[in-house]
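Asks: First residue of the sequence shown: 312, per our numbering; consecutive thereafter.
The set of hints was computed from the structure by calculation and includes no laboratory data.
Predicted model only: the values in this text are computed from it and were never measured.
Where a beta carbon is used, it is the ideal one built from N, C-alpha and C, also for glycine.
Do not rely on the hints blindly, as some may be mistaken.
Okay, derived cross-link-like pairs now, DSSO-like style, lysine-lysine, Cα gap no bigger than 27 angstroms in a straight line [to be verified]: (1) Lys-605 to Lys-445; (2) Lys-706 to Lys-605; (3) Lys-524 to Lys-382; (4) Lys-713 to Lys-644; (5) Lys-417 to Lys-396; (6) Lys-524 to Lys-558; (7) Lys-746 to Lys-600; (8) Lys-453 to Lys-559; (9) Lys-417 to Lys-559; (10) Lys-600 to Lys-524; (11) Lys-396 to Lys-524; (12) Lys-706 to Lys-663; (13) Lys-746 to Lys-558; (14) Lys-605 to Lys-417.
Computed spacing ranges between beta-carbons, pair by pair [what the hints assert, rightly or not]: (15) Ile-672 to Ala-710: 40 to 50 angstroms; (16) Arg-439 to Glu-702: 48 to 58 angstroms; (17) Arg-442 to Gly-397: 45 to 55 angstroms; (18) Gly-606 to Gly-494: 20 to 30 angstroms; (19) Val-721 to Arg-439: 27 to 37 angstroms.
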Amino acid sequence: MKPSPWADFKAALPECRSTQIPGGPRVVTVSLPDRRSIAAAVWIRTGSRFENEAQSGIAHFLEHMVFKGTKTRSAQRIKEAVEGKGGQLNAFTGEESTCFFVRVLKPYFGEALEVLADMIQNAELDPREVRKEKAVILEEIKMYRDVASQHVQDMMGELLWPDHPLGRPISGTESSVGPLTSGVLKSFRDLHYRGSNAVVSIAGPVDHEPIVKLVSRLFPSDPQAAGPVFSQAHPKSQGSACRFIAKKTHQTHFVVGLEAFSRYDRRRFGLALLSLILGGNMSSRLFEKIREQKGLAYDIRSTPSFYQDTGALLISAGVESSRSRDVIRLILKELSLLTRDCVSSGELRRAKDHFLGQFFISLEDPLEYLLWAGENVLYRPELPQPESLAEGISKVTAADLKKIAAELFVNGRYHLAMIGPERTSERAEIEKILK
């Protein structure tokens, strides 16, 4: 057996260091001395799964409001301070984290990080701005609901985790976002947006110690109170569940999904490779069978998701409505094949090389590197190392994949969410196929 080429990357990886500021954020630096720009991200340990049902969407709403000005900087000044220097400023909200990030040329970095710290800690949350931004978010919610390929993903979340924050849309609903006020947003911020509940990751031509001092000044320590906790995911659901929405669309959009492994489970490496083999690129089985050979879909893909205590595998496609049953049959057939036959050594090698190739290529970008490092250190005591991921992927065997497939790809575990023209008889048959 040939040695893994990925072992050679260890010597070329940049220095990555971490310091926990007492009562403050954890600081992670990635030293890239040959770069001219510096990227910084502030990760907050909060997201949609930290919300109760009445406040669904509040983490996403607060992320929007952070950009609307502080006591000393207007929204326009915030944008000009970064974009006026050719920089990038943005944010996103997930189920388990909220991230604000900036990237600028090195001479402007100090001011950019100061702006970012001011936004996150001192957003004014003016009631008038809250009302205006609420209208924007309500339009965002409607926009995504009109996009069947997006809406069907939210439907699958509800099937996988019913009556749980993971099963609700990150942006919330009209009924949950509508009542949110400036006071409610401030209370949520005061609980979650604390230094001890954050990670600051920085990548570029930087030295670790000066960065720690700068972060200590910009993010004052707070009392070591217990951080917010999220609701644990329910035990794995038994039996298949299906949900259909009749809508006049040119295609039927659907997701076949199942509950899987957490981000801490060693089997996640195998699941990531199985997902790649199934529908992760143009040489994947589903792409080859359903698009290239049968011409049944333009877009078909497989995507794994990993959370603190659970995970999922989603297979999604948009097809001509009369062929949705045929495509679902083909998907289930490919899943069944993986439970019976081992993946060939060549297919497994190509999957590993694709996964690790894409991963190491992404680390060439300072912003991608710090986003990866920051997210992975958010809930872990140890500093993440790229070579550890490479080792985990490299050790997966064909027998491992078959064992994982046999555990996951069985009737009774599959859920189906579908949006498209009404076809009652066909839907009844699809439900039988899944059970």
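Asks: Each hint should be assessed against the structure and marked as holding or not.
Replies: Each hint, compared with the structure:
1. Lys-605 to Lys-445: violated, 45 angstroms
2. Lys-706 to Lys-605: violated, 34 angstroms
3. Lys-524 to Lys-382: holds, 24 angstroms
4. Lys-713 to Lys-644: The hint holds at about 15 angstroms.
5. Lys-417 to Lys-396: Between Lys-417 and Lys-396 the Cα gap is close to 11 angstroms, so the pair holds against 27 angstroms.
6. Lys-524 to Lys-558: violated, 56 angstroms
7. Lys-746 to Lys-600: holds, 23 angstroms
8. Lys-453 to Lys-559: holds, 17 angstroms
9. Lys-417 to Lys-559: Not OK: Lys-417 and Lys-559 at ~52 angstroms, beyond 27 angstroms, violated.
10. Lys-600 to Lys-524: violated, 55 angstroms
11. Lys-396 to Lys-524: holds, 24 angstroms
12. Lys-706 to Lys-663: holds, 10 angstroms
13. Lys-746 to Lys-558: The hint holds at about 25 angstroms.
14. Lys-605 to Lys-417: Not satisfied, since the Cα-Cα distance of roughly 52 angstroms exceeds 27 angstroms.
15. Ile-672 to Ala-710: 40 to 50 angstroms: Given range 40 to 50 angstroms: violated, Cβ gap about 29 angstroms.
16. Arg-439 to Glu-702: 48 to 58 angstroms: holds, 53 angstroms
17. Arg-442 to Gly-397: 45 to 55 angstroms: The hinted range 45 to 55 angstroms is violated for Arg-442 and Gly-397, with Cβ atoms some 33 angstroms apart.
18. Gly-606 to Gly-494: 20 to 30 angstroms: violated, 56 angstroms
19. Val-721 to Arg-439: 27 to 37 angstroms: violated, 54 angstroms
Checked against the numbered hints listed earlier, the structure breaks hints 1, 2, 6, 9, 10, 14, 15, 17, 18 and 19; every other hint is satisfied.
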